[in-house]
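Number of protein chains: 2
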Amino acid sequence: MAGGTRELQVELGERSYPIYIGTDLIAQAGELFLKHGLPVKSPILLVTDSSVVDLYADKVEASLGEAGYAVTTAVVPSGEASKCLEVLDELVGTALQAGLDRKSTVIALGGGVVGDLAGFVAASYMRGVRFVQMPTTILAHDSSVGGKVAVNHRLAKNIIGAFHQPEFVLYDLDTLASLPVREVRAGLSEVIKHGLIWNEQFVAWCDDNADKLLALDSDSLGYALYEGCKVKSIVVSRDERENDLRAILNLGHTIGHALEAVAGYGELLHGEAIAIGMVGSARLAARFGYSAEIAEETERIFAKFGLPVRIPDSCDTDGIMSAMLHDKKFSEGKMVFVVPTAIGSVEIRNDVPSSWVREIVDGLREGNERL
Amino acid sequence: MAGGTRELQVELGERSYPIYIGTDLIAQAGELFLKHGLPVKSPILLVTDSSVVDLYADKVEASLGEAGYAVTTAVVPSGEASKCLEVLDELVGTALQAGLDRKSTVIALGGGVVGDLAGFVAASYMRGVRFVQMPTTILAHDSSVGGKVAVNHRLAKNIIGAFHQPEFVLYDLDTLASLPVREVRAGLSEVIKHGLIWNEQFVAWCDDNADKLLALDSDSLGYALYEGCKVKSIVVSRDERENDLRAILNLGHTIGHALEAVAGYGELLHGEAIAIGMVGSARLAARFGYSAEIAEETERIFAKFGLPVRIPDSCDTDGIMSAMLHDKKFSEGKMVFVVPTAIGSVEIRNDVPSSWVREIVDGLREGNERL
Ligand SMILES: NC(=O)c1ccc[n+]([C@@H]2O[C@H](COP(=O)([O-])OP(=O)(O)OC[C@H]3O[C@@H](n4cnc5c(N)ncnc54)[C@H](O)[C@@H]3O)[C@@H](O)[C@H]2O)c1
Ligand SMILES: NC(=O)c1ccc[n+]([C@@H]2O[C@H](COP(=O)([O-])OP(=O)(O)OC[C@H]3O[C@@H](n4cnc5c(N)ncnc54)[C@H](O)[C@@H]3O)[C@@H](O)[C@H]2O)c1
Ligand SMILES: [Zn+2]
Ligand SMILES: [Zn+2]
Numbered sequence: 001m002a003g004g005t006r007e008l009q010v011e012l013g014e015r016s017y018p019i020y021i022g023t024d025l026i027a028q029a030g031e032l033f034l035k036h037g038l039p040v041k042s043p044i045l046l047v048t049d050s051s052v053v054d055l056y057a058d059k060v061e062a063s064l065g066e067a068g069y070a071v072t073t074a075v076v077p078s079g080e081a082s083k084c085l086e087v088l089d090e091l092v093g094t095a096l097q098a099g100l101d102r103k104s105t106v107i108a109l110g111g112g113v114v115g116d117l118a119g120f121v122a123a124s125y126m127r128g129v130r131f132v133q134m135p136t137t138i139l140a141h142d143s144s145v146g147g148k149v150a151v152n153h154r155l156a157k158n159i160i161g162a163f164h165q166p167e168f169v170l171y172d173l174d175t176l177a178s179l180p181v182r183e184v185r186a187g188l189s190e191v192i193k194h195g196l197i198w199n200e201q202f203v204a205w206c207d208d209n210a211d212k213l214l215a216l217d218s219d220s221l222g223y224a225l226y227e228g229c230k231v232k233s234i235v236v237s238r239d240e241r242e243n244d245l246r247a248i249l250n251l252g253h254t255i256g257h258a259l260e261a262v263a264g265y266g267e268l269l270h271g272e273a274i275a276i277g278m279v280g281s282a283r284l285a286a287r288f289g290y291s292a293e294i295a296e297e298t299e300r301i302f303a304k305f306g307l308p309v310r311i312p313d314s315c316d317t318d319g320i321m322s323a324m325l326h327d328k329k330f331s332e333g334k335m336v337f338v339v340p341t342a343i344g345s346v347e348i349r350n351d352v353p354s355s356w357v358r359e360i361v362d363g364l365r366e367g368n369e370r371l
Numbered sequence: 001m002a003g004g005t006r007e008l009q010v011e012l013g014e015r016s017y018p019i020y021i022g023t024d025l026i027a028q029a030g031e032l033f034l035k036h037g038l039p040v041k042s043p044i045l046l047v048t049d050s051s052v053v054d055l056y057a058d059k060v061e062a063s064l065g066e067a068g069y070a071v072t073t074a075v076v077p078s079g080e081a082s083k084c085l086e087v088l089d090e091l092v093g094t095a096l097q098a099g100l101d102r103k104s105t106v107i108a109l110g111g112g113v114v115g116d117l118a119g120f121v122a123a124s125y126m127r128g129v130r131f132v133q134m135p136t137t138i139l140a141h142d143s144s145v146g147g148k149v150a151v152n153h154r155l156a157k158n159i160i161g162a163f164h165q166p167e168f169v170l171y172d173l174d175t176l177a178s179l180p181v182r183e184v185r186a187g188l189s190e191v192i193k194h195g196l197i198w199n200e201q202f203v204a205w206c207d208d209n210a211d212k213l214l215a216l217d218s219d220s221l222g223y224a225l226y227e228g229c230k231v232k233s234i235v236v237s238r239d240e241r242e243n244d245l246r247a248i249l250n251l252g253h254t255i256g257h258a259l260e261a262v263a264g265y266g267e268l269l270h271g272e273a274i275a276i277g278m279v280g281s282a283r284l285a286a287r288f289g290y291s292a293e294i295a296e297e298t299e300r301i302f303a304k305f306g307l308p309v310r311i312p313d314s315c316d317t318d319g320i321m322s323a324m325l326h327d328k329k330f331s332e333g334k335m336v337f338v339v340p341t342a343i344g345s346v347e348i349r350n351d352v353p354s355s356w357v358r359e360i361v362d363g364l365r366e367g368n369e370r371l
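Going down the list, the protein sequences come from chains A and B. In terms of UniProt numbering, the first sequence opens at residue 1 and continues consecutively. In terms of UniProt numbering, the second sequence opens at residue 1 and continues consecutively.
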């Protein structure tokens, strides 16, 4: 592997796997497949989307082909709508026609949409085949670690899925160069989230290196993704199936999901919605008596990264409240929230008065005119 | 539990579970749910089919209701066509509307179709919730043990699925009384298969008790299902994920699946097709030099149970051969078969000349006029 490649092991017993982060990596896909013992005789399905295919699929195919693998590429439309059972059905048809067997591998080359979708194909095709993640968005540093895979149902996101860990994750930083800037910012929002829940120094480092990160400087980005993946992998190692600890990864997500639902999916990017949500959670911390500085710092950092820190006027408070109450089926009056106790640590509170949440949601609209 | 109830533990480490076999059991569903610690607060989805719902769903609902559970019943059309992603999608919608959460349970009340389908709903809804099997066919003694769940794809059966073990299996013998006689016979075919691969005495016992079994005598049936489930559970315990040993469960299935495909699904019941397939495998044994008596005995026993032992004239040999070669992607010339070495034991041969198989398929049509 090229010098400068960072390697991180996700510890999950017999399901442990490495994440490789570096430049010029997808050209080495074939070598890595051989190194990981993926059988050459079994056909591979490469799943990617319509925005990514022309940019990077050739390189992956060429490298795997040189190593002796037969690869069939399946292209799904770019966007969240591809995460559905109809597309799963098509991909399974492609896999069957390509002759994929129980020793085959499914590759996800793309963002979180492709990762979640192809991951569920890998989890369910013949009751489970091997899976390799090749994330091409910053946000996918989150989705590619932890083994959660899923498709959406008309009535709910990510509701049909599995836990299915990959053989390895190949994170080629070069692929990020083509990302739209809004996607870059939204992805960094989750990176910073990993700092906020676990690692104060890393938050400070992000703060100091915002310019380099936004300019996609490879070394800075490699370090940030390494640290972000590390936090996620530590949490997932301790709680693979989301029994308790894993819930802290949802910092900012209760308000964030509600905003996504109310704004209409696509209006706010996920990373944007949770940036606003994290500011909300930090204000909740102040309400619980923790330092008001947490909220100020949180807001300052996200703003520095060009992320929204206010609720758009188009989302009204009643709609947001009812989306939250519906989403989580909170028992009346009390809600569960991940709340920061300082920059770099959080607690889970199950005693959050819904009236406080409403106040904070209302407050997150003030000052919109100034921004 | 009523006297006479047999209990069998499927040993799978932390995924171990009991099978209860006896009369008047579904009326005790509520008690058993409580005993197994299934949370009363989380709604239950009862999946059943259009032939079964009017016969037994009320009883299950009533018993669960008395124990304090909220149950929503979803009815799918009777038949193999319900094992598909579209119906899965509908069931997930029903589960969402009924408010099923991560601690909820999905029940399968029906035959193997409902078991496989509801099992995959349980495996994938919210990435996995609890599952209880209430088989109502004899064949489902096979499908309800071992955790294989799946739906079909247009191009292949059982291709989208998971391994998902139930909390327990509740086998109420009373429900079998309404089974059409052809279903009874087809189900007994798999029961006898379990004897043929593992337990000579049990085959002899089935032979001696054919009349009682066909008359659905509860005690005989309870014993036979207990022994059948026991063989399956021993095999599955040693090889949960079908790496090696589990393949012996496929005795008769290579020819059987080909017959089902060529006859058109539904024409031959699965149990009928594999009865013919088992006769074929036993003839293969003779070809390998094992006693010719194995084939004679196998044929005699299946005929005694009123099961077909000859290939219908409508299925031509070329079609059967190409279905087999397609299904298993056999490398040319050599095929893999489970072959009996005596009544009650089998071996897996990967060196079966396809010319032998063709001869045997041809031979299985001779004497059709006499039968
Ligand atoms: N499984 C998990 O644990 C987990 C965690 C977080 C998010 N997710 C899921 O991830 C998804 C969001 O991920 P995402 O933000 O990566 O979305 P995405 O996959 O839709 O990618 C965002 C956009 O960027 C495009 N794109 C991807 N790579 C590109 C590249 N290198 N250059 C140019 N364009 C590129 C895509 O086509 C898409 O239009 C959601 O479905 C979410 O549910 C899953
Ligand atoms: N998961 C596994 O390990 C496994 C093993 C073997 C078979 N299978 C699957 O099982 C299915 C076949 O199972 P099956 O034979 O039980 O089919 P089935 O579920 O279709 O039932 C057969 C017929 O009997 C009806 N029925 C069911 N219970 C009845 C009752 N008590 N009274 C009257 N009618 C009743 C059904 O409506 C159906 O018409 C196939 O889809 C097969 O793939 C799975
Ligand atoms: Zn997120
Ligand atoms: Zn079978």
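Rather than coming from a laboratory, the hints here were simulated on the basis of the structure. One or more hints might be untrue.
[Said to hold, decoys possible] Some chain A residues close to chain B (C-beta under 7 Å, calculated; not the full set):
no., residue
1, 87
2, 89
3, 93
4, 155
5, 157
6, 160
7, 354
Note that CB positions come from ideal geometry on N, CA and C, so glycine has one too.
Handout entry: List of violated hint numbers, smallest to largest
Key = The structure breaks hints 1, 5 and 7; every other hint is satisfied.
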